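Each chain, letter by letter, is given below.
2 protein chains.
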Amino acid sequence: MTGTTPYIVDGLQYCRCSREIFKQMRQGGLDAVHVTISYHELFRETVANIEKWNRLFEDCNDLVMLGRLASDIEKAKKSQRIAIFFGLQNCSSIEDDIGLLEVLHSLGVRFMQLSYNNQSLLASGCYEQEDGGITRMGAEVIVEMNRIGMVVDMSHSGERSSLQAIEISERPIAITHANPSFWHETPRSKSEHLLKSLAVADGVIGFSLYPYHLLGHSDCTLHSFCRMVARTAEMIGVEHIAIGSDLCQGQPSEELQWMRKGRWSKQQDEPPKFPQQPEWFRDNRDFPKIAAGLLEIGFAQTEVEKILGGNWLCFFEKSFTPSKSA
Amino acid sequence: MTGTTPYIVDGLQYCRCSREIFKQMRQGGLDAVHVTISYHELFRETVANIEKWNRLFEDCNDLVMLGRLASDIEKAKKSQRIAIFFGLQNCSSIEDDIGLLEVLHSLGVRFMQLSYNNQSLLASGCYEQEDGGITRMGAEVIVEMNRIGMVVDMSHSGERSSLQAIEISERPIAITHANPSFWHETPRSKSEHLLKSLAVADGVIGFSLYPYHLLGHSDCTLHSFCRMVARTAEMIGVEHIAIGSDLCQGQPSEELQWMRKGRWSKQQDEPPKFPQQPEWFRDNRDFPKIAAGLLEIGFAQTEVEKILGGNWLCFFEKSFTPSKSA
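Chains as they are written, first to last, in our numbering: chain Y, 1 to 326; chain F, 1001 to 1326.
Isolated chain Y (complex conformation) (with noise of 0.2 Å):
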């Protein structure tokens, strides 16, 4: 079964790269990630952690390339090499300047979340108790967002604010990494309502591995994850549905507090720790692993092979191109 899947993509990563999670990730079948590049960080020290994702495409060009464009991801697989698509969980680093997301795109920023679990200049986010929807910079860089070819994306925001997103991009958006909240409630996860308009629209949801978001968290069963799967492939068609495993592989705990607290909070967690993964996906190269699981619940391997990487290769084709003339 392994290794019959054309494309393997990831929805969402926030790995600690390096040449052996790379190899890991070859290992485990994959084209392209996109990966998590910053979380709150300001625009300057975005560009900080590029320079470094710059020294890893430099120190390991014969295992990744930055993808750009959908069809890198054809060409990193004709290299044996992984497409790495830039993305940030937050608006952090657009700062209050709607001219920094062209500037990210040329710096191969794919994807952008509008809110990160808080209010942000642009949307809610999930663990906020009001969500005033789309703000009015919200709306402008929903367009400009579209514009130039970047991905809202909505998985960390508010019902609301995920609604009228939707509502307002003339291209699909994507919620890259989450659970449907039949399967597993809290917060994050996704309701019915908000997982039909979003396919309504075209779009698409990543599965998220990550065990805070599973049932049972660290214990939940590859059967009842892949069920769920094909409950929401009936929900919503098979062609809406992908992985967005959110690893975090090789993460110190700290940065489970960076994450979770950024700088705008002075209340610290008692020291959080990374779950352990479950064992039937521990890391990259679990992936077949997946595959195994849903086509042993009854999925066509045509439909395994949409889930696993056709659903986002398609969704990328329709996303990363500039609508401007240039």
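Watch out, some of these pointers could steer you wrong.
As the list claims (entries may be wrong) - In silico negatives: residues of chain Y with every beta carbon more than 12 Å from chain F: (1) 26; (2) 48; (3) 130; (4) 296.
What the hints assert, rightly or not - Straight-line C-alpha distance at most 27 Å; calculated BS3-like pairs for lysine-lysine: (5) Y:52 to Y:78; (6) Y:52 to Y:23; (7) F:1289 to F:1075; (8) Y:273 to Y:52; (9) F:1023 to F:1078; (10) Y:75 to F:1318; (11) F:1023 to F:1273; (12) F:1075 to Y:75; (13) F:1075 to Y:318.
Stated by the list, open to error - Label-pair distances were calculated between CB atoms; the ranges are: (14) F:1285 to Y:136: 41 to 51 Å; (15) Y:127 to F:1264: 30 to 40 Å; (16) Y:144 to F:1250: 21 to 31 Å; (17) F:1020 to Y:140: 24 to 34 Å; (18) Y:97 to F:1075: 26 to 36 Å; (19) F:1049 to Y:223: 24 to 34 Å; (20) Y:265 to F:1048: 50 to 60 Å.
Worth flagging that the hints you see were computed from the coordinates, not collected in a lab.
If you're wondering where the values come from, they're calculated on a predicted model, not measured in any experiment.
Ideal placement from N, C-alpha and C gives every residue a C-beta, glycine not left out.
For chain Y, the structure is supplied; the task is to place chain F on it using the hints.
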């Protein structure tokens, strides 16, 4: 005569660009211009300048496009547009961070002067008493510029620094805008020894039309300018000479203060003014007059074509493609 030159390329301008100036470039027959986007601006300020340029490209995409490769000149010409290549007149934009070179290259920057009149982190400037040559960081920056495809420009650097840059650089370097000392002796002018060394290393000098660089300043005659071009051609070969007009159309006089003093000095000159252009080269529309002057003085048509654009085109072809595999 007008329009018989296949390509007209200006090796340096610092105009306050606008639709009107772009139209004048077209009237002058220009196909490509290296434009200065920053002098003493730090990285974030240069990004803000690029944002303004991005707006100009969006608003005037019937007239101009960002040039990334030499082949963009042909692409621009075919669509009746001008390819604009970004450059920095000082190294302030990279601060003390070598990784910013690749970031700025991704944003379109294709030229950087290692110093501007003063000592910089990389090299000495042409107005310093002492020229210590290329610094430790400077040597590494040249190697990195060679790797990514960014031109080392020594127009405002000291002689010793310039000779060392030629020595260290594996790619040919440029003096985008300056004139020879034999014609008009100033600290900004270039010695015979430097010009010969530049040419031996396959570099190019662009002759400046900034009045202070001209013999007799605003009163300089076209004939005198063309005789200087002819003498330089005899000295270093017609393949190594070009135009770098240093046109500063539309700039307010405060800009001259910024160019000269940046933030490095508390001393103010008496409010400087941009000098008046000679009557035969008022602005971008007058390029054909230079072509005419060069023919008049005895250059062959093919030589004029090289000087007006062909030599820069060849030089750009050797300069902008990253040498790294990617």
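To see whether the hints hold, each was checked on the structure:
Listed as outside the interface, residue 26 of chain Y is consistent with that label: its C-beta sits roughly 18 Å from the nearest C-beta of chain F, beyond the 12 Å cut-off. Under the 12 Å C-beta cut-off, the non-interface status given to residue 48 of chain Y relative to chain F is violated; the minimum distance is some 8 Å. Separation of residue 130 of chain Y from chain F is adequate, the least Cβ-Cβ distance of about 33 Å exceeding the 12 Å criterion. Remark: the non-interface label on residue 296 of chain Y is consistent with the geometry, its nearest Cβ contact in chain F lying 40 Å away (cut-off 12 Å).
At most 27 Å may separate the alpha-carbon atoms for a hinted pair to count; residue 52 of chain Y and residue 78 of chain Y meet this at roughly 25 Å. As the CA atoms of residue 52 of chain Y and residue 23 of chain Y are separated by approximately 18 Å, the hinted pair is consistent with the 27 Å bound. A threshold of 27 Å between alpha carbons decides the hint, and for residue 1289 of chain F with residue 1075 of chain F the separation of about 26 Å falls inside it, so the pair holds. Restraint check for residue 273 of chain Y and residue 52 of chain Y: satisfied, since their Cα atoms lie roughly 25 Å apart, inside the 27 Å limit.
Proposed proximity of residue 1023 of chain F and residue 1078 of chain F is supported: the alpha carbons are some 16 Å apart, at most 27 Å. For the given pair, residue 75 of chain Y sits about 25 Å from residue 1318 of chain F by alpha-carbon distance, which is consistent with the 27 Å threshold. Only pairs whose Cα atoms come within 27 Å are accepted, and residue 1023 of chain F paired with residue 1273 of chain F is accepted, the gap being roughly 25 Å. In summary, the hint linking residue 1075 of chain F to residue 75 of chain Y is supported, as the alpha carbons are separated by about 24 Å, within the 27 Å threshold.
Restraint check for residue 1075 of chain F and residue 318 of chain Y: the C-alpha separation of about 25 Å stays at or below 27 Å, so the hint holds. Between residue 1285 of chain F and residue 136 of chain Y the C-beta distance comes to about 43 Å, which sits within the given range of 41 to 51 Å. Distance hint check for residue 127 of chain Y and residue 1264 of chain F: the Cβ-Cβ separation is about 48 Å, which falls outside the suggested range of 30 to 40 Å. One distance hint, 21 to 31 Å for the beta-carbon pair residue 144 of chain Y and residue 1250 of chain F, holds here, with the actual separation near 28 Å.
For residue 1020 of chain F and residue 140 of chain Y, the hinted distance range of 24 to 34 Å is satisfied, since their beta carbons lie about 28 Å from each other. Look at residue 97 of chain Y against residue 1075 of chain F: about 30 Å separates their beta carbons, and that is inside 26 to 36 Å. Under the hint 24 to 34 Å, the C-beta atoms of residue 1049 of chain F and residue 223 of chain Y, about 56 Å apart, miss the expected range. For the hinted restraint 50 to 60 Å between residue 265 of chain Y and residue 1048 of chain F, the CB-CB distance of approximately 30 Å leaves it violated.
In terms of the numbered hints stated before, the structure departs from hints 2, 15, 19, 20, listed from lowest to highest.
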